[in-house]
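Residue numbers (full-length UniProt numbering), protein chains in the order written: chain G, 1 to 167; chain X, 1 to 137; chain S, 1 to 351; chain R, 1 to 367.
Warning: the hint list may mix true and false statements.
Pulled a few chain R residues facing chain S out of the computed Cβ check, cut under 8 Å [claimed, not checked]:
no.	residue
1	H17
2	S118
3	S120
4	D122
5	A197
6	V247
7	L250
8	Y251
9	Q296
10	V297
11	T344
12	K347
Note that these hints are calculated values from the structure, not bench results. Keep in mind that this is a model prediction, so the values were computed, not measured. Here a beta-carbon is modelled for each residue, glycine too, at the ideal position from N, C-alpha and C.
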Amino acid sequence: MGTIVFFIFAILAIAAASGVVTSRNIVHSAFYLALSFSGVAVLYVLMNADFLAAVQLLVYTGAVSIMVVFAVMLTLRGEVSDSNPENRKWGWGAFISVLLFAVIALVVLTNSDWRVLPSAWTSGGSAEDMSLLLLSQFMIPFEAAAVLLTVALAGAVILAKGVKENQ
Amino acid sequence: MFGNGLIKGLRITLKRFYGPNLTEYYPEVKPNLPPRTRSSMALEPEKCISCGLCVNICPNQVINLTSEKDGNNKRVLKTYHMNIGRCLLCGLCTQSCPTGALRLSQEFENAVYHREELLWDMIARSKRSNKPSGEEG
Amino acid sequence: MDALNNVFVNIAAYIRGLFADSHSLSADLTINIIVFLMLFLIMVVAALFLSLVERKFAHWVSQRSGPNRLGPHGWFQFIADAVKMLGKEDIYPANVDLFLFKIAPMMLVGITLMAFGVIPFGKGMVAINLDLGIFYFLAVSSISTLALLMAGWASNNKFSLLGGFRAVAQMISYEIPLLFSLLGVIMITQTFNLSSIIEAQKTIPFIFLQPLAFLIYLIAGIAETNRAPFDQVQGEQEIVAGPFTEYSGLRWGLFMLAEYGNVVATSAIAVSMFLGGWYGPGFLPGWLWFILKIWLVIFIMMWVRWTFVRMRVDHLMHFAWKILLPLSLANIFLTGLGIYIYQLFIPRIGG
Amino acid sequence: MIIDGTQEYSVNMGPQHPSTHGVFRMVVHLDGEVVTNVEPKIGYLHRGLEKMAESRTYNQFVPYTDRLDYLAGPHNSLGYVQAVEKLMGIEVPERAEYLRVIFAELGRVASHLFMIASGSLDICGWTPWSYCTRDRERILDLFEMTAGNRMTLNYFRIGGVSHDVPDEFMPALKSFLDDMPEMIEEYYGIFFGNEIAQSRMKSVGILPKELAENLLITGANLRASGVQYDVRKAEPYGIYNRFNFNVPVLYGCDTYDRHFIRLLEIQESRKILQQALRDIPEGPVVAKVPKVIKPQVGKVYHRVENPKGEMGWYIVSNGTTKPARVRIRTGAFVNVQMLPAIVTGWKIQDLVTIFASMDLVLGEVDK
Numbered sequence: 001m002g003t004i005v006f007f008i009f010a011i012l013a014i015a016a017a018s019g020v021v022t023s024r025n026i027v028h029s030a031f032y033l034a035l036s037f038s039g040v041a042v043l044y045v046l047m048n049a050d051f052l053a054a055v056q057l058l059v060y061t062g063a064v065s066i067m068v069v070f071a072v073m074l075t076l077r078g079e080v081s082d083s084n085p086e087n088r089k090w091g092w093g094a095f096i097s098v099l100l101f102a103v104i105a106l107v108v109l110t111n112s113d114w115r116v117l118p119s120a121w122t123s124g125g126s127a128e129d130m131s132l133l134l135l136s137q138f139m140i141p142f143e144a145a146a147v148l149l150t151v152a153l154a155g156a157v158i159l160a161k162g163v164k165e166n167q
Numbered sequence: 001m002f003g004n005g006l007i008k009g010l011r012i013t014l015k016r017f018y019g020p021n022l023t024e025y026y027p028e029v030k031p032n033l034p035p036r037t038r039s040s041m042a043l044e045p046e047k048c049i050s051c052g053l054c055v056n057i058c059p060n061q062v063i064n065l066t067s068e069k070d071g072n073n074k075r076v077l078k079t080y081h082m083n084i085g086r087c088l089l090c091g092l093c094t095q096s097c098p099t100g101a102l103r104l105s106q107e108f109e110n111a112v113y114h115r116e117e118l119l120w121d122m123i124a125r126s127k128r129s130n131k132p133s134g135e136e137g
Numbered sequence: 001m002d003a004l005n006n007v008f009v010n011i012a013a014y015i016r017g018l019f020a021d022s023h024s025l026s027a028d029l030t031i032n033i034i035v036f037l038m039l040f041l042i043m044v045v046a047a048l049f050l051s052l053v054e055r056k057f058a059h060w061v062s063q064r065s066g067p068n069r070l071g072p073h074g075w076f077q078f079i080a081d082a083v084k085m086l087g088k089e090d091i092y093p094a095n096v097d098l099f100l101f102k103i104a105p106m107m108l109v110g111i112t113l114m115a116f117g118v119i120p121f122g123k124g125m126v127a128i129n130l131d132l133g134i135f136y137f138l139a140v141s142s143i144s145t146l147a148l149l150m151a152g153w154a155s156n157n158k159f160s161l162l163g164g165f166r167a168v169a170q171m172i173s174y175e176i177p178l179l180f181s182l183l184g185v186i187m188i189t190q191t192f193n194l195s196s197i198i199e200a201q202k203t204i205p206f207i208f209l210q211p212l213a214f215l216i217y218l219i220a221g222i223a224e225t226n227r228a229p230f231d232q233v234q235g236e237q238e239i240v241a242g243p244f245t246e247y248s249g250l251r252w253g254l255f256m257l258a259e260y261g262n263v264v265a266t267s268a269i270a271v272s273m274f275l276g277g278w279y280g281p282g283f284l285p286g287w288l289w290f291i292l293k294i295w296l297v298i299f300i301m302m303w304v305r306w307t308f309v310r311m312r313v314d315h316l317m318h319f320a321w322k323i324l325l326p327l328s329l330a331n332i333f334l335t336g337l338g339i340y341i342y343q344l345f346i347p348r349i350g351g
Numbered sequence: 001m002i003i004d005g006t007q008e009y010s011v012n013m014g015p016q017h018p019s020t021h022g023v024f025r026m027v028v029h030l031d032g033e034v035v036t037n038v039e040p041k042i043g044y045l046h047r048g049l050e051k052m053a054e055s056r057t058y059n060q061f062v063p064y065t066d067r068l069d070y071l072a073g074p075h076n077s078l079g080y081v082q083a084v085e086k087l088m089g090i091e092v093p094e095r096a097e098y099l100r101v102i103f104a105e106l107g108r109v110a111s112h113l114f115m116i117a118s119g120s121l122d123i124c125g126w127t128p129w130s131y132c133t134r135d136r137e138r139i140l141d142l143f144e145m146t147a148g149n150r151m152t153l154n155y156f157r158i159g160g161v162s163h164d165v166p167d168e169f170m171p172a173l174k175s176f177l178d179d180m181p182e183m184i185e186e187y188y189g190i191f192f193g194n195e196i197a198q199s200r201m202k203s204v205g206i207l208p209k210e211l212a213e214n215l216l217i218t219g220a221n222l223r224a225s226g227v228q229y230d231v232r233k234a235e236p237y238g239i240y241n242r243f244n245f246n247v248p249v250l251y252g253c254d255t256y257d258r259h260f261i262r263l264l265e266i267q268e269s270r271k272i273l274q275q276a277l278r279d280i281p282e283g284p285v286v287a288k289v290p291k292v293i294k295p296q297v298g299k300v301y302h303r304v305e306n307p308k309g310e311m312g313w314y315i316v317s318n319g320t321t322k323p324a325r326v327r328i329r330t331g332a333f334v335n336v337q338m339l340p341a342i343v344t345g346w347k348i349q350d351l352v353t354i355f356a357s358m359d360l361v362l363g364e365v366d367k
């Protein structure tokens with residue numbers, strides 16, 4: 001049962017990902033991206049990482065709409081059905097992607113600590129354990145990420161609004 | 001304080017929510033129109049002397065009448081048509097009528113399916129009972 | 001009373017009992033299909049009925065009687081509406097992005113239905129008792145932005161596109177105060193599970209502990225469901241109907257279904273997070289209390305809708321980012337402080 | 001206004017759009033949600049009234065005047081019949097003059113109520129809309145009781161009015177006037193006092209005093225921009241100089257003031273109506289006028305304060321039964337030009353509010 005569901009959604013995610021790069025319409029590409037993220041979210045659920053799945057939906061799939069807005073805003077000038085032209089250097093892109101995939105796969109496969117838990121965290125749901133980990137063992141990266149995001153937010157505001165001169 | 005107006009508005013709507021409603025239940029309960037309402041025309045052909053004043057006063061050429069002379073050299077109404085689709089229901093014709101033959105009536109359900117039905121044959125309509133209008137019309 | 005309280009749970013147990021192994025795959029599948037159909041029916045009937053109640057409410061507020069033709073005082077009007085919507089022609093304009101145009105309303109309804117899965121209508125009456133209940137709800141409902149944007153973009157209409165953009169701006173902004181307002185409750189109960197949260201409110205509903213959070217949740221929830229005074233997305237007066245402009249017949253009906261389904265889901269979450277869920281004085285069964293409380297929240301939403309006028313789009317953003325967000329952060333801070341003080345004092349008093 | 005790299009987005013609002021009050025059409029140029037330019041396109045309701053007047057006798061044209069500003073029918077005909085009376089030198093009986101004032105002011109109240117109603121509807125205030133129209137119904141009932149129709153009255157005649165009012169009219173009018181403060185309180189509570197509505201309207205769509213004067217804006221829109229000008233005071237027509245009333249002026253120049261000044265004017269109209277009700281004499285309601293109206297050769301210009309602005313009637317007579325030329329100066333038509341002047345830089349939502357605050361009636365704009 002789980003295997004069938006896995007293959008359905010894995011194929012869906014990969015097909016949607018290929019749709020992202022091959023679709024000629026940039027808005028379609030963005031929507032394919034949302035589909036791909038949703039497929040990955042289902043895979044997370046199958047790996048008993050339900051918190052991660054919810055985050056994936058909330059953060060990644062939900063934010064794709066922003067990307068669509070950007071895609072529409074950036075491309076309305078021309079014909080939108082031909083807004084995502086093929087790149088002539090796609091061969092290089094494919095090569096680098098394959099290389100990247102191979103490296104990640106190698107790391108994952110050789111790492112002995114990589115395993116899927118047989119069931120969800122038993123103590124108190126995955127959220128509780130994850131929050132404990134985030135606030136104890138990974139405290140510094142967590143805080144650093146928070147600072148980084150704040151800085152990024154402030155930077156974005158400044159870039160968008162501009163700094164008043166003579167102040 | 002910000003929000004006072006909002007709360008006041010909420011209070012008003014709540015009051016109205018429980019208050020009575022003013023709907024007129026039209027097809028079941030027919031409205032009681034005042035006697036002067038101008039909503040359609042009625043003709044009493046026996047009173048008409050075919051003077052043609054209504055034809056002349058009408059701003060939109062709604063009325064079309066023909067008459068013929070009888071034995072006493074008196075004009076008798078033969079046909080009386082109103083193109084009610086063009087009528088403004090301004091009431092100028094009824095005011096100009098010297099004998100009060102043409103009157104406004106309160107029959108207001110005048111909608112028809114076809115444009116041709118708006119060409120009223122007033123003599124034929126007068127045979128049917130029309131609710132007559134008030135004293136001045 | 002106890003039997004009445006557990007009537008639906010008992011029915012489910014009875015159906016499970018029909019199978020040889022009451023936890024086999026086929027038993028689970030049967031129960032799930034039944035539950036799915038039940039949820040779908042609840043959503044459809046609630047949405048249809050709400051669309052009538054909304055009109056009735058609007059008319060009562062303005063001293064009219066509302067739909068009054070079909071059935072006693074017009075209370076069967078929603079059936080006629082459903083039949084009418086089914087019978088209407090499905091028009092799609094030229095040059096629309098046909099696939100996206102057609103899938104957007106279905107997607108919206110599907111998302112709303114997914115959100116219904118975690119709502120506990122009574123003790124043990126929840127379709128999927130997820131540990132992450134409330135988080136799942138938020139995650140799923142965040143996708144509905146995408147569906148509205150799809151509809152807006154695919155319609156090939158300028159008003160629709162403006163509506164889609166507004167949907168993105170508004171719903172993403174209001175998701176943050178919505179999420180943060182719920183955080184206080186989660187901090188107190190230390191769980192995401194909606195049933196456990198309701199269990200924790202047995203003595204006192206959280207609205208008394210978190211009044212500010214409830215207010216923020218209600219405002220952000222109204223904004224998330226795109227109802228006045230925050231109905232920028234389908235602002236009739238400016239952008240005709242926003243993303244729904246080009247839709248007709250059943251597809252438009254699906255949008256309405258999703259809208260009212262969202263209203264029900266949002267109120268249900270408000271009830272389970274703040275108003276004590278199925279707990280209430282004992283003379284009524286728990287699930288009835290839950291439904292009555294949902295109606296209370298819906299009444300407030302309608303009351304607000306038919307009193308207030310629409311906010312401006314930039315005021316809306318200011319309101320979300322400059323008022324609601326700091327307030328909800330302050331609420332989180334105060335809740336944390338409160339919990340700390342509570343933990344500091346309770347052991348000493350001897351609680 | 002156009003920033004490099006973004007495309008101007010032109011949206012065609014109207015002639016069939018929910019918020020364009022009839023068949024007004026505007027081509028709106030947007031930068032995102034911000035309006036960069038608006039081109040008003042008028043003429044979808046053009047009926048050629050001025051030409052129609054030339055082919056009808058003086059009396060026959062009276063029913064058509066109601067159809068100019070169909071929300072305030074009486075005031076249009078008042079301007080026309082007074083212009084013809086001025087041309088012919090007809091004296092109108094006292095009672096008819098008072099009845100004319102009563103009907104004109106009732107028409108003004110009805111028009112202003114409808115303006116507030118539609119203004120609130122344009123920012124999604126459905127409930128204020130129905131409260132205002134509920135009270136407007138009472139005025140329309142008064143009209144129907146007397147003149148026979150609710151909106152296109154055809155009540156005024158050259159030389160007077162068509163009939164005297166029925167007996168139940170005066171008590172009904174009195175009770176309406178007595179209920180008015182309560183109504184105004186209600187509108188204030190649900191619409192003007194509402195903070196969201198205020199935030200939508202205050203300091204939106206500023207029409208400065210100089211611009212208003214330069215654009216020849218008249219009526220309440222001008223008075224909301226801080227100019228105390230009202231034809232009823234500046235050049236009293238009929239018997240308006242006998243009444244004691246103020247001309248309200250607001251200095252905010254914004255959309256809120258343009259809505260709010262209507263509420264103040266309703267209160268002033270109430271004062272006039274109360275005085276008219278107190279002073280109205282008995283007597284005939286129509287002067288002795290020749291059956292065939294045939295003014296001597298000449299021309300006349302007469303202006304009245306319509307609810308939508310100053311209305312002027314220019315009538316040229318060549319001595320026949322039909323006017324040689326009729327020219328109508330309508331307030332709303334002139335007021336249209338303030339739309340492109342003040343809307344730039346506001347959001348498309350504000351465009352709707354600003355448009356509502358101008359109080360256009362397309363019957364008057366397109367004639």
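We went through each hint and held it up to the structure:
Checking H17/R against chain S by beta carbon gives a least distance of about 7 Å; that is within 8 Å, so the hint holds. The beta carbon of S118/R is not positioned within 8 Å of any beta carbon in chain S (closest approach about 10 Å), and the interface hint is therefore violated. Because the beta carbon of S120/R sits about 7 Å from the nearest beta carbon in chain S, less than 8 Å, this interface hint is met. Hint status for D122/R relative to chain S: holds, with the closest Cβ pair at about 5 Å, below 8 Å.
At its closest, the beta carbon of A197/R sits 5 Å from a beta carbon of chain S; the interface hint therefore holds under the 8 Å criterion. Annotation: V247/R was flagged as interfacial toward chain S, and the flag is violated, the nearest CB pair being 29 Å apart, outside 8 Å. At its closest, the beta carbon of L250/R sits 20 Å from a beta carbon of chain S; the interface hint therefore is violated under the 8 Å criterion. Checking Y251/R against chain S by beta carbon gives a least distance of about 23 Å; that is not within 8 Å, so the hint is violated.
Evaluation of the Q296/R hint against chain S yields a violated restraint, the C-beta minimum of about 52 Å exceeding 8 Å. Using the Cβ-Cβ criterion of 8 Å, the hint placing V297/R at the interface with chain S is not satisfied: the shortest such distance is roughly 51 Å. Using the Cβ-Cβ criterion of 8 Å, the hint placing T344/R at the interface with chain S is not satisfied: the shortest such distance is roughly 16 Å. About 6 Å separates the beta-carbon of K347/R from the nearest beta-carbon of chain S, less than 8 Å, and the hint is met.
Comparing the model with each numbered hint stated earlier shows that hints 2, 6, 7, 8, 9, 10 and 11 do not hold.
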